[in-house]
Amino acid sequence: MTLRKRLFCNAKPTLLPCKRAALGTQNNRFCNALMDRDLSNICACKNIFTSLLYSFCLWNNVSSV
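Counting in the numbering used here, the sequence shown runs from 1 upward without gaps.
Everything labelled a hint here was simulated from the structure, so no lab data went into it. Where hints are given, some of them may not hold.
Stated by the list, open to error - Computed spacing ranges between beta-carbons, pair by pair:
{"no.": "1", "residue 1": "Trp59", "residue 2": "Leu39", "range": "26 to 32 Å"}
{"no.": "2", "residue 1": "Arg29", "residue 2": "Asn60", "range": "42 to 48 Å"}
{"no.": "3", "residue 1": "Ser55", "residue 2": "Met35", "range": "28 to 34 Å"}
{"no.": "4", "residue 1": "Trp59", "residue 2": "Asp38", "range": "27 to 33 Å"}
{"no.": "5", "residue 1": "Phe56", "residue 2": "Asn32", "range": "34 to 40 Å"}
{"no.": "6", "residue 1": "Cys57", "residue 2": "Asn32", "range": "36 to 42 Å"}
{"no.": "7", "residue 1": "Asn61", "residue 2": "Asn28", "range": "49 to 55 Å"}
From the three backbone atoms N, C-alpha and C, an ideal C-beta is built for every residue, glycine too.
The whole structure should be built from the sequences, with the hints applied where relevant.
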C-alpha cells in the first residue's frame, strides 16, 4: 500500500505540466477570441462613426471632410 501511494505521488507532478499547458492554450484561445471580438466591435463603431460624420457634413454642406 505504501509503495503504491508513493508511486502515485511521484507520478502526479509529472502530469501537472501537461495539464497546465492544456489550460494555458485554452486561456490563450479564449483571450484571442475576446480580443478579436473587441477589435471587430471597434472597427464597426469606427465605420458607423465615419459614415455618420460624412452624412452630417453633406447635410451641412461642409466641404472639408
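Margin query: Assuming the hint says 49 to 55 Å, is it satisfied by the Cβ distance from Asn61 to Asn28 or not?
Written below: For Asn61 and Asn28 the Cβ distance comes to about 51 Å; the hint holds.
Item checked: Range hint compliance [Cβ, Cys57 to Asn32, 36 to 42 Å] -> holds (37 Å)
Check: Falls inside 27 to 33 Å, the C-beta gap from Trp59 to Asp38?
Finding: holds (31 Å)
Next item on the list: Starting from the range 28 to 34 Å, see whether the pair Ser55 and Met35 falls in it by beta-carbon distance.
Entry: holds (31 Å)
Next item on the list: For the range 26 to 32 Å, tell me whether the beta carbons of Trp59 and Leu39 fit it or not.
Entry: Cβ of Trp59 to Cβ of Leu39: about 30 Å, so the range 26 to 32 Å holds.
Notebook entry, point to check: Honestly, do Arg29 and Asn60 meet the 42 to 48 Å range at C-beta?
Noted result: holds (47 Å)
Note to self: Just to be sure I understand the hint, the distance between the Cβ atoms of Phe56 and Asn32 should be within 34 to 40 Å; is that true here?
What the structure shows: With Cβ atoms ~36 Å apart, the hint holds.
Hint check: no violations occur; every hint is consistent with the structure.
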